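Engineer: So the sequence lines, in the order shown, correspond to chains S and H.
In terms of my numbering, the first sequence opens at residue 1 and continues consecutively.
In terms of my numbering, the second sequence opens at residue 201 and continues consecutively.
Treat the hints as calculated values from the structure; they're not laboratory data.
Source: prediction; values computed, not measured.
Hints should not be assumed to be uniformly reliable.
As the list claims (entries may be wrong) - Capping the alpha-carbon separation at 35 Å, the derived lysine-lysine pairs in DSBU-like fashion look like this: (1) Lys9(S) x Lys19(S); (2) Lys240(H) x Lys186(S); (3) Lys73(S) x Lys187(S); (4) Lys240(H) x Lys187(S); (5) Lys15(S) x Lys31(S); (6) Lys194(S) x Lys15(S); (7) Lys187(S) x Lys246(H); (8) Lys306(H) x Lys19(S); (9) Lys133(S) x Lys338(H); (10) Lys197(S) x Lys31(S); (11) Lys243(H) x Lys187(S); (12) Lys15(S) x Lys197(S); (13) Lys133(S) x Lys204(H); (14) Lys93(S) x Lys19(S); (15) Lys186(S) x Lys243(H); (16) Lys306(H) x Lys15(S); (17) Lys306(H) x Lys195(S); (18) Lys66(S) x Lys35(S); (19) Lys15(S) x Lys36(S); (20) Lys246(H) x Lys133(S); (21) Lys194(S) x Lys306(H); (22) Lys186(S) x Lys19(S); (23) Lys17(S) x Lys187(S); (24) Lys125(S) x Lys246(H); (25) Lys37(S) x Lys194(S).
To be verified - To give a feel for the contact side, a few chain S residues facing chain H, derived at Cβ under 7 Å: (26) Arg99; (27) Thr111; (28) Tyr150.
Where a beta carbon is used, it is the ideal one built from N, C-alpha and C, also for glycine.
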Amino acid sequence: MEKVYIQLKANIDMKLKSKCIVGDVAYVAAKYHIKKKIENIELGIVEGDFYNIISPTTLAQNIIDKVDNVDLKFIDDQDVLINIHPVSKKENKFWLVLRVMVVMVLLSIGTGIAIMNFHEDVSMKDVHIRIYKILTGMDIKRPLIIQIPYSIGIGVGMALFFNKVVPDRFGGDPSPMEVEMSSYRKKVNGYIRKKLKKGD
Amino acid sequence: MAIKAMCILIGFCEGIAVGTAFMAFITILDIVPRLIQITKTVKYIKLYEYTMIINVMIIVLIDICNISFNLSYTVIIFIGLFMGIYVGMFASALTEITNVIPIIVKTFSIYNYASWIFAALILGKVLGSLIYWIYIVK
Chain S
1 MEKVYIQLKA
11 NIDMKLKSKC
21 IVGDVAYVAA
31 KYHIKKKIEN
41 IELGIVEGDF
51 YNIISPTTLA
61 QNIIDKVDNV
71 DLKFIDDQDV
81 LINIHPVSKK
91 ENKFWLVLRV
101 MVVMVLLSIG
111 TGIAIMNFHE
121 DVSMKDVHIR
131 IYKILTGMDI
141 KRPLIIQIPY
151 SIGIGVGMAL
161 FFNKVVPDRF
171 GGDPSPMEVE
181 MSSYRKKVNG
191 YIRKKLKKGD
Chain H
201 MAIKAMCILI
211 GFCEGIAVGT
221 AFMAFITILD
231 IVPRLIQITK
241 TVKYIKLYEY
251 TMIINVMIIV
261 LIDICNISFN
271 LSYTVIIFIG
281 LFMGIYVGMF
291 ASALTEITNV
301 IPIIVKTFSI
311 YNYASWIFAA
321 LILGKVLGSL
331 IYWIYIVK
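Based on the provided sequences and hints, a complete structural model is requested.
Structural biologist: Written out as structure tokens, the structure reads:
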């Protein structure tokens with residue numbers, strides 16, 4: 001009995017209607033010739049709407065059908081989540097750039113108006129007048145000397161937070177945005193797994 | 201006499217409520233951990249906590265007692281800049297908690313251009329603030 005250790009991959013991307021072999025969905029550890037044989041076992045054609053899952057038992061069944069005399073051991077029992085990409089028609093670069101432009105205009109104007117409303121809501125003008133009075137003892141109607149550095153400082157603060165100013169000095173820690181995106185991705189994947197498993 | 205004691209008690213409780221709410225809000229936004237991460241000064245976290253507490257108390261007292269100083273323009277520019285930096289970090293922490301950017305990237309399918317979204321956000325806020333102070337407020 002040859003010992004074979006199999007570890008299923010967690011998330012993979014495949015194109016619709018492409019052939020799926022064991023080597024795509026799992027890491028196999030075994031002696032060389034057995035490993036090559038197992039990795040080339042075909043599991044089927046990729047089909048489905050957007051996602052599909054493969055469970056360890058399906059994989060084990062396929063391997064036992066094709067290869068004799070193996071002792072399979074699975075390292076963990078997670079299902080493989082396949083992210084199915086449709087056969088991609090070549091997308092015109094123009095639409096992509098247009099979308100980026102639309103999003104940029106939307107975000108710029110939107111956040112600009114939002115910050116104006118925020119200033120009006122908290123009566124920041126009066127607070128600035130008061131701060132000027134505390135700092136210099138004089139009354140003033142438009143403390144531009146505070147307000148212009150304040151506006152520039154907003155940009156600096158946001159850039160600092162988003163990891164854009166000094167990207168090399170953080171010792172390898174990801175920025176909060178990247179952590180957020182990956183945890184969002186993980187939550188979406190977990191939900192999809194649960195939904196597909198119940199339906200299967 | 202009893203009324204004075206009542207006033208002192210009410211003021212004190214009011215302060216406790218406002219103070220804890222303020223600190224809880226700052227804590228959940230992760231502003232201080234982010235600053236510590238940027239400057240790599242994890243050991244001084246206690247110092248930062250004490251700084252925030254003591255400075256807030258001092259500034260509130262200065263505000264209430266109508267004290268005024270006589271500082272030069274350069275110092276005022278610096279203070280304004282730091283006010284802005286703090287508000288900028290506050291705004292981006294809020295943006296991050298509400299997951300705006302991952303949702304936009306996924307909805308519009310613009311995965312490789314994510315850094316342009318940051319540029320748009322920053323530019324929008326800076327320009328919006330400048331326009332507000334220079335043209336809109338009279």
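Engineer: Look at each hint and say if it fits the structure.
Structural biologist: So, going through the hints one by one against the coordinates:
Our distance criterion of 35 Å between C-alpha atoms is met by Lys9(S) and Lys19(S), whose separation comes to about 17 Å. At most 35 Å may separate the alpha-carbon atoms for a hinted pair to count; Lys240(H) and Lys186(S) meet this at roughly 28 Å. At roughly 29 Å between alpha-carbon atoms, Lys73(S) and Lys187(S) fall within 35 Å of each other, so this suggested pair holds. The hinted pair formed by Lys240(H) and Lys187(S) meets the criterion: a straight-line CA distance of about 30 Å does not exceed 35 Å.
At roughly 30 Å between alpha-carbon atoms, Lys15(S) and Lys31(S) fall within 35 Å of each other, so this suggested pair holds. Our distance criterion of 35 Å between C-alpha atoms is met by Lys194(S) and Lys15(S), whose separation comes to about 22 Å. About 34 Å separates the Cα atoms of Lys187(S) and Lys246(H), which keeps this hinted pair within 35 Å; it holds. Our distance criterion of 35 Å between C-alpha atoms is met by Lys306(H) and Lys19(S), whose separation comes to about 27 Å.
Among the hinted pairs, Lys133(S) with Lys338(H) is consistent with the structure: their alpha-carbon atoms are about 18 Å apart, no more than 35 Å. Restraint check for Lys197(S) and Lys31(S): satisfied, since their Cα atoms lie roughly 33 Å apart, inside the 35 Å limit. Using a Cα cut-off of 35 Å, the hinted pair Lys243(H) and Lys187(S) holds, with the two alpha carbons roughly 33 Å apart. A distance of roughly 21 Å separates the Cα atoms of Lys15(S) and Lys197(S); the hinted pair therefore holds under the 35 Å criterion.
With a C-alpha separation of about 31 Å, the suggested pairing of Lys133(S) with Lys204(H) holds against the 35 Å cut-off. Distance hint between Lys93(S) and Lys19(S) is fulfilled; the C-alpha atoms sit about 29 Å from each other, no more than 35 Å. This hinted pair checks out: Lys186(S) and Lys243(H) have alpha carbons roughly 32 Å apart, not beyond 35 Å. Straight-line distance between C-alpha atoms of Lys306(H) and Lys15(S) comes to about 19 Å, which keeps the hinted pair within the 35 Å bound.
Our distance criterion of 35 Å between C-alpha atoms is met by Lys306(H) and Lys195(S), whose separation comes to about 20 Å. For the suggested pair Lys66(S) and Lys35(S), the alpha carbons sit about 13 Å apart, so the restraint of at most 35 Å is met. For the hint pairing Lys15(S) with Lys36(S), the CA-to-CA distance comes to about 23 Å; that is within 35 Å, so the pair holds. Taking the CA atoms of Lys246(H) and Lys133(S), the gap is near 32 Å; set against the 35 Å cutoff, the hint holds.
For a cut-off of 35 Å, the pair hint linking Lys194(S) to Lys306(H) stands: about 21 Å separates their Cα positions. For the given pair, Lys186(S) sits about 26 Å from Lys19(S) by alpha-carbon distance, which is consistent with the 35 Å threshold. Using a Cα cut-off of 35 Å, the hinted pair Lys17(S) and Lys187(S) holds, with the two alpha carbons roughly 27 Å apart. About 34 Å separates the Cα atoms of Lys125(S) and Lys246(H), which keeps this hinted pair within 35 Å; it holds.
Restraint check: the Cα-Cα separation between Lys37(S) and Lys194(S) comes to about 32 Å, which is no more than 35 Å; the hinted pair holds. Satisfaction of the interface hint for Arg99(S) is found here, the shortest Cβ-Cβ separation to chain H being roughly 5 Å, below the 7 Å cut-off. Because the beta carbon of Thr111(S) sits about 4 Å from the nearest beta carbon in chain H, less than 7 Å, this interface hint is met. Checking Tyr150(S) against chain H by beta carbon gives a least distance of about 4 Å; that is within 7 Å, so the hint holds.
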